[in-house]
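Protein chains: 2
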Amino acid sequence: MEIEFLGTGAGSPSKSRNVTATALKLLDECNSIWLFDVGEGTQHQILRTNIRPRKINKIFITHLHGDHIFGLPGFLSSRSFQSGDHIEPLTIYGPKGIEQFVKTSLQVSQSKLSYPLNFVEIKNEGLLLDDEHFQVYGRFLDHRIQCIGYRIVEKDRPGELLVDKLQALGVPSGPVYGQLKAGATVTLADGRTINGQDFIGKPKPGRIVTILGDTRQVPAIFDLAKDANVLVHESTFGKGEARLAHNYYHSTCQQAATIAAKAGVHHLYLTHISARYVGKAARKLENDARKIFPATKVVHDFDSYSIELD
Amino acid sequence: MEIEFLGTGAGSPSKSRNVTATALKLLDECNSIWLFDVGEGTQHQILRTNIRPRKINKIFITHLHGDHIFGLPGFLSSRSFQSGDHIEPLTIYGPKGIEQFVKTSLQVSQSKLSYPLNFVEIKNEGLLLDDEHFQVYGRFLDHRIQCIGYRIVEKDRPGELLVDKLQALGVPSGPVYGQLKAGATVTLADGRTINGQDFIGKPKPGRIVTILGDTRQVPAIFDLAKDANVLVHESTFGKGEARLAHNYYHSTCQQAATIAAKAGVHHLYLTHISARYVGKAARKLENDARKIFPATKVVHDFDSYSIELD
Ligand SMILES: [Zn+2]
Ligand SMILES: [Zn+2]
Chain A
186 MEIEFLGTGA GSPSKSRNVT ATALKLLDEC NSIWLFDVGE GTQHQILRTN
236 IRPRKINKIF ITHLHGDHIF GLPGFLSSRS FQSGDHIEPL TIYGPKGIEQ
286 FVKTSLQVSQ SKLSYPLNFV EIKNEGLLLD DEHFQVYGRF LDHRIQCIGY
336 RIVEKDRPGE LLVDKLQALG VPSGPVYGQL KAGATVTLAD GRTINGQDFI
386 GKPKPGRIVT ILGDTRQVPA IFDLAKDANV LVHESTFGKG EARLAHNYYH
436 STCQQAATIA AKAGVHHLYL THISARYVGK AARKLENDAR KIFPATKVVH
486 DFDSYSIELD
Chain B
186 MEIEFLGTGA GSPSKSRNVT ATALKLLDEC NSIWLFDVGE GTQHQILRTN
236 IRPRKINKIF ITHLHGDHIF GLPGFLSSRS FQSGDHIEPL TIYGPKGIEQ
286 FVKTSLQVSQ SKLSYPLNFV EIKNEGLLLD DEHFQVYGRF LDHRIQCIGY
336 RIVEKDRPGE LLVDKLQALG VPSGPVYGQL KAGATVTLAD GRTINGQDFI
386 GKPKPGRIVT ILGDTRQVPA IFDLAKDANV LVHESTFGKG EARLAHNYYH
436 STCQQAATIA AKAGVHHLYL THISARYVGK AARKLENDAR KIFPATKVVH
486 DFDSYSIELD
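These protein sequence lines are chains A and B, in that order.
Mapped onto our numbering, the consecutive letters of the first sequence carry residue numbers 186 to 495.
Mapped onto our numbering, the consecutive letters of the second sequence carry residue numbers 186 to 495.
Take these hints with a grain of salt, some might be off.
Which copy is meant is left open, so a pair is good if it fits within one copy or across any two.
Listed below are the simulated PhoX-like cross-link pairs for lysine-lysine, each with C-alpha atoms no more than 25 Å apart in a straight line [to be verified]:
#1 Lys424 <-> Lys350
#2 Lys389 <-> Lys411
#3 Lys281 <-> Lys297
#4 Lys308 <-> Lys424
#5 Lys200 <-> Lys240
#6 Lys297 <-> Lys200
#7 Lys340 <-> Lys465
#8 Lys465 <-> Lys240
#9 Lys240 <-> Lys387
#10 Lys465 <-> Lys308
To be clear, the hints were calculated from the coordinates, so they are not data collected in a lab.
Same shape as in the complex, but just chain A:
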């Protein structure tokens, strides 16, 4: 599991940061990549990475501001031109209106996609997706326009078979180990009965990744971020600008750090950085946040971090 930032700027593209897009790479887990927001030029950014557009099979939109969605029609169209026969269906999750925007764009431009496109317009908070490996929860944030924060929860992985313990009891290795690992009760050749459940270690807790959109501080952020391995939080404003941030429905670096500390996250990645903050000024955002929550990074386009199991 890896997170790669494709656009980390606020509002309009600048020379140093594109508008918002974040890729959650789940290649080892389920051979797919999920995209969170698709600002204009996201497909251009992807050209400069090793991401293959056909692997992106889910897109989560936080809100409908242009800097978060104007790259969608182009990305969807170009994904059609990928070589290879079968291109997987793609599902877009987002606020009401996303379907109208995408469908109008594709219809007006007479773009025919080579794969099925599905929409899930989010009307209620809560569990949005529940598959073999992940659950995704959405909560409403506070950004004037409807905005959704996402909490991606990896399902716990079953514990490993305690081979040492079995061997100490003289249970010979073989196909029986597979049965025991699956939790079955097995009768050995010597007549002993062994319950697999007793020889499986603790389940490994899955990872939690929280990716927010643009937002003021609201209690939902705590719920979304609780114990997350990674929290991606906007930082449109800097130290001491809480009032400004509130007026514009945004957050400061200090607010993001405060909630990260309170929610017990492991890593805080600050994004949606205004063009006012370049070079030293961006490092100051980071330093001001680190005073509150040391494991903070102001991310840049193409920064990529692996998210390890605990």
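Guided by the hints, dock chain B with the ligands onto chain A, whose structure is given.
Chain B with the ligands in isolation, oriented as in the chain A frame:
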């Protein structure tokens, strides 16, 4: 008058070419810039030039395929954030559907522009615009979807005052020269009557720039290109691919060169270059065209050419 190519690729962006956009810079003539097509990422390309988005007050769309329009909503939104008080109105010319696409994009994203936006959806061929300096004509091309080629005709500039001739007749310089230049009949202090019309040189013919969209070869191209200083023609296919070009509603480099020669244009700029043609292959497109029409260039992103008066 200058022409700057902001995107010269076909279909999808590649590492070396963005999708279509062409800027006609009329800064000396009328202090404005006109844009022809606005593929995704055009605003990003503009960031790398000296073009100020507020100077762009007319946009001409050739057709509604995504690679020619998906940069519009983002460009229009970002133009709103330009500093300075008054941002000029902007008018978009294009096929029916362009207004629906732009308005849906702006409405869904709740983008409020800081300037008036007008639309002219083109239903008939002919004169589209007639202002102090320019006339713009549109003709329908042949690209399956409706596609418009544009011919921009600069109005003739009045001839200069023939100062030598006046001085040979002993007409003293002074405010009277201004009146004569304006074509007035003037009575001099010595009683002579002079008609300004007789002392004005030939009017200087205005320049003609022809910018086509994607198209098969059709007679309208000749009419649009006749005697143009500059013809911008697509070249999606190469030498000997006329059949393929026809099937896909496109043109070859040789077809573009042939029409350029026939129409007596001065310079042919080939654009809309497929990603199949890079490096040597692109130079071959150029060389194959030059055998038919020597003043041909395969243009690249950020190429800029001044268009001189004859
Ligand atoms: Zn934003
Ligand atoms: Zn095209």
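Going down the list of hints, with the structure as the test:
Neither within a single protomer nor between protomers do Lys424 and Lys350 lie at most 25 Å apart by alpha-carbon distance, with minima of 54 Å and 73 Å respectively. Taking the shortest alpha-carbon separations for Lys389 and Lys411, only the intra-copy value of 18 Å comes in at or below 25 Å, while the best inter-copy value is 74 Å. Taking the shortest alpha-carbon separations for Lys281 and Lys297, both the intra-copy value of 23 Å and the inter-copy value of 19 Å come in at or below 25 Å. Taking the shortest alpha-carbon separations for Lys308 and Lys424, neither the intra-copy value of 34 Å nor the inter-copy value of 55 Å comes in at or below 25 Å.
Proximity of Lys200 to Lys240 under the C-alpha cut-off of 25 Å is restricted to the inter-copy arrangement: shortest distance 20 Å between copies versus 28 Å within a copy. Taking the shortest alpha-carbon separations for Lys297 and Lys200, only the inter-copy value of 24 Å comes in at or below 25 Å, while the best intra-copy value is 33 Å. When the C-alpha separation of Lys340 and Lys465 is checked against a cutoff of 25 Å, the pair qualifies neither within a copy, at 40 Å, nor between copies, at 52 Å. Neither within a single protomer nor between protomers do Lys465 and Lys240 lie at most 25 Å apart by alpha-carbon distance, with minima of 36 Å and 32 Å respectively.
Proximity of Lys240 and Lys387 under a CA criterion of 25 Å is satisfied in neither setting, with 32 Å inside one chain copy and 65 Å between copies. For a Cα distance limit of 25 Å, the shortest separation of Lys465 from Lys308 qualifies neither inside one copy, at 41 Å, nor across copies, at 54 Å.
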